[in-house]
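J.: Counted the way the numbering used here counts, the sequence shown spans residues 1 to 191.
These aren't lab readings, by the way, just hints derived from the structure by calculation. Among the hints, a few may not be true.
[Unchecked claim] In silico DMTMM-like cross-links for lysine to aspartate or glutamate, where the CA-CA straight-line distance does not exceed 20 Å: (1) 153 / 133; (2) 125 / 136; (3) 125 / 44; (4) 165 / 155; (5) 168 / 44; (6) 139 / 123; (7) 171 / 44; (8) 153 / 136; (9) 9 / 136; (10) 165 / 44; (11) 139 / 121; (12) 9 / 121; (13) 9 / 170; (14) 139 / 124; (15) 139 / 155; (16) 9 / 124; (17) 153 / 170.
[Unchecked claim] Label-pair distances were calculated between CB atoms; the ranges are: (18) 131 / 178: 14 to 24 Å; (19) 164 / 3: 31 to 41 Å; (20) 65 / 145: 17 to 27 Å; (21) 140 / 106: 16 to 26 Å; (22) 68 / 30: 38 to 48 Å; (23) 10 / 136: 38 to 48 Å; (24) 103 / 171: 24 to 34 Å; (25) 65 / 34: 14 to 24 Å; (26) 129 / 185: 44 to 54 Å; (27) 66 / 164: 35 to 45 Å; (28) 30 / 114: 40 to 50 Å; (29) 164 / 117: 27 to 37 Å; (30) 106 / 3: 14 to 24 Å.
All values derive from a computational prediction rather than experimental measurement. Where a beta carbon is used, it is the ideal one built from N, C-alpha and C, also for glycine.
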Amino acid sequence: MDIRNFFFKYRSYTPIPLALMIIYFSMPMLPYLWYGLACLTIGESIRFWAVSYAGGITRTTNVGAPALCSSGPFAHVRNPLYIGNLFIFSGIVLVAGAPNIWAMLVLTWIFFIIQYALIVDLEEKTLSGLFSDHYEIYKQNVPRLIPRLSSWKNEDNRKPMAFIKTLKTEKRTLQNMVLIIILILIRQQFV
């Protein structure tokens, strides 16, 4: 199996060892707790916005899409979900605290930069094959990771899903965030 496919298929599970390490070394402390909660909120807000436009296709284990989503947050940046995830995991590190918080934050970013570099390469090649010229125009107008301020105007005029439907699609991410925070708090009781 191509390592890019492996990371794409198991992208929901590959951060588990990192999460366990963060929980193990956790030592929550103010003001990092508040900074972490702010990062978690920003990250989940970005993800929620992106999922409301892209839908449940964001949860698949096979690369591809029935249509190119280039509206909503995807009109500002090509990978809003991954940006949201970076904020979420940065928030988890900050909530967890620890004497080595900055090393944990750097390690977290290195992990996700490597994982997402592999995944994005695979996704871009796949989407280029599926949507050819349309995807190339999209790539030329919408940055990969640093959002453009103005929304790219194009023919994708889809509307976001209803709040409840988006919430159902995004519930696993929310459950995992809450679980990790609970485990950090439980771990704190046994230090």
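J.: Does each hint fit the structure? Answer for all of them.
T.: Each hint, compared with the structure:
no.	hint	result
1	153 / 133	holds, 16 Å
2	125 / 136	holds, 10 Å
3	125 / 44	violated, 27 Å
4	165 / 155	violated, 24 Å
5	168 / 44	holds, 14 Å
6	139 / 123	holds, 12 Å
7	171 / 44	holds, 11 Å
8	153 / 136	holds, 15 Å
9	9 / 136	violated, 24 Å
10	165 / 44	holds, 15 Å
11	139 / 121	holds, 13 Å
12	9 / 121	holds, 14 Å
13	9 / 170	holds, 17 Å
14	139 / 124	holds, 9 Å
15	139 / 155	holds, 15 Å
16	9 / 124	holds, 15 Å
17	153 / 170	violated, 27 Å
18	131 / 178: 14 to 24 Å	violated, 36 Å
19	164 / 3: 31 to 41 Å	holds, 37 Å
20	65 / 145: 17 to 27 Å	holds, 19 Å
21	140 / 106: 16 to 26 Å	violated, 32 Å
22	68 / 30: 38 to 48 Å	holds, 44 Å
23	10 / 136: 38 to 48 Å	violated, 29 Å
24	103 / 171: 24 to 34 Å	holds, 32 Å
25	65 / 34: 14 to 24 Å	violated, 37 Å
26	129 / 185: 44 to 54 Å	holds, 46 Å
27	66 / 164: 35 to 45 Å	violated, 22 Å
28	30 / 114: 40 to 50 Å	violated, 32 Å
29	164 / 117: 27 to 37 Å	holds, 35 Å
30	106 / 3: 14 to 24 Å	holds, 23 Å
Checked against the numbered hints given earlier, the structure breaks hints 3, 4, 9, 17, 18, 21, 23, 25, 27, 28 and satisfies all the rest.
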